[in-house]
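Construct all of the structure, not just a fragment, from the sequences and the given hints.
Chains A and B supply the protein sequences, listed in that same order.
The first sequence maps to residues 310 to 412 in the numbering used here.
The second sequence maps to residues 310 to 412 in the numbering used here.
Any given hint might turn out to be false.
Same chains, same label: a pair holds when it works inside one copy or across any pair of copies.
[Said to hold, decoys possible] Derived pair list, reagent style SDA-like, types lysine to any residue, alpha-carbon separation capped at 20 Å:
1. K397 <-> M310
2. K320 <-> C354
3. K397 <-> H376
4. K397 <-> D358
5. K325 <-> T411
6. K320 <-> P346
7. K325 <-> R401
8. K325 <-> L412
9. K325 <-> P410
10. K316 <-> E369
11. K311 <-> G395
12. K316 <-> P410
13. K325 <-> G383
14. K325 <-> C391
15. K311 <-> R381
Don't read these hints as lab results, they were simulated from the structure.
2 protein chains.
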Amino acid sequence: MKFIDLKEFAKFDPNKPHRELLYDSPNLRVLSFNFEPGQELPVHCHESDSDVTLMVLEGEGEFLGTHAMPARAGTLQVMPVCDPHGLKATTRLRLLVFITPTL
Amino acid sequence: MKFIDLKEFAKFDPNKPHRELLYDSPNLRVLSFNFEPGQELPVHCHESDSDVTLMVLEGEGEFLGTHAMPARAGTLQVMPVCDPHGLKATTRLRLLVFITPTL
Chain A
310 MKFIDLKEFA
320 KFDPNKPHRE
330 LLYDSPNLRV
340 LSFNFEPGQE
350 LPVHCHESDS
360 DVTLMVLEGE
370 GEFLGTHAMP
380 ARAGTLQVMP
390 VCDPHGLKAT
400 TRLRLLVFIT
410 PTL
Chain B
310 MKFIDLKEFA
320 KFDPNKPHRE
330 LLYDSPNLRV
340 LSFNFEPGQE
350 LPVHCHESDS
360 DVTLMVLEGE
370 GEFLGTHAMP
380 ARAGTLQVMP
390 VCDPHGLKAT
400 TRLRLLVFIT
410 PTL
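Encoded structure:
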């Protein structure tokens, strides 16, 4: 069992999104991304049958890519990881990413 | 793509935990459970190689089962779904459950 306390991962970097790997198994990878205003996860995709979940924990921004729309705390997008996806922060923003199964 | 806004699922039931299916694919099932104080997800397990993630969104309680420990907003347990697991709320508590892959 892996126990994760998200408050331990509230680190930000003025130069680039702060990224940490929280969990990794063949079934599931969980990543934490913390963004300063204006930082972004550029639009990208992977040729795989996996699903990706983007979950906004705190802050506001925009989901980017095929399914562009406003992003705010408590919203999630779940999609095939081959759909172009990304995120741009307009405030400080914390994001969890779930990749299922791991690529 | 499935868009989920967690504030739309903040329903509680005085008689039992309020459960909603938020997403379901072969790779991933996402369930929302909302508990009134004292309500619980009884300890259970499944014979499968899947992982289960218990993520507390709001409130306080106890993770039950093999990995019993305090549960509060912003904490997660990730484990094989065959490890006995559950949760009891001491305050109003909101939980997301990710099953990867779907059983």
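Here is how each hint holds up against the structure:
1. K397 <-> M310: between (32 Å within a copy, 18 Å between copies)
2. K320 <-> C354: Neither: 25 Å inside a copy, 35 Å across copies.
3. K397 <-> H376: Within one copy only: 13 Å inside a chain, 37 Å across chains, cut-off 20 Å.
4. K397 <-> D358: Close neither inside one copy (25 Å) nor across copies (35 Å); limit 20 Å.
5. K325 <-> T411: Neither, since 24 Å and 35 Å both go past 20 Å.
6. K320 <-> P346: within (14 Å within a copy, 32 Å between copies)
7. K325 <-> R401: within (12 Å within a copy, 37 Å between copies)
8. K325 <-> L412: Neither: 24 Å inside a chain and 38 Å across chains, both beyond 20 Å.
9. K325 <-> P410: neither (27 Å within a copy, 32 Å between copies)
10. K316 <-> E369: both (18 Å within a copy, 15 Å between copies)
11. K311 <-> G395: For K311 and G395, the Cα distance is within 20 Å only across copies (15 Å; inside one copy 27 Å).
12. K316 <-> P410: neither (25 Å within a copy, 27 Å between copies)
13. K325 <-> G383: Answer is neither: 23 Å inside a copy and 24 Å across each miss the 20 Å cutoff.
14. K325 <-> C391: neither (24 Å within a copy, 39 Å between copies)
15. K311 <-> R381: between (27 Å within a copy, 15 Å between copies)
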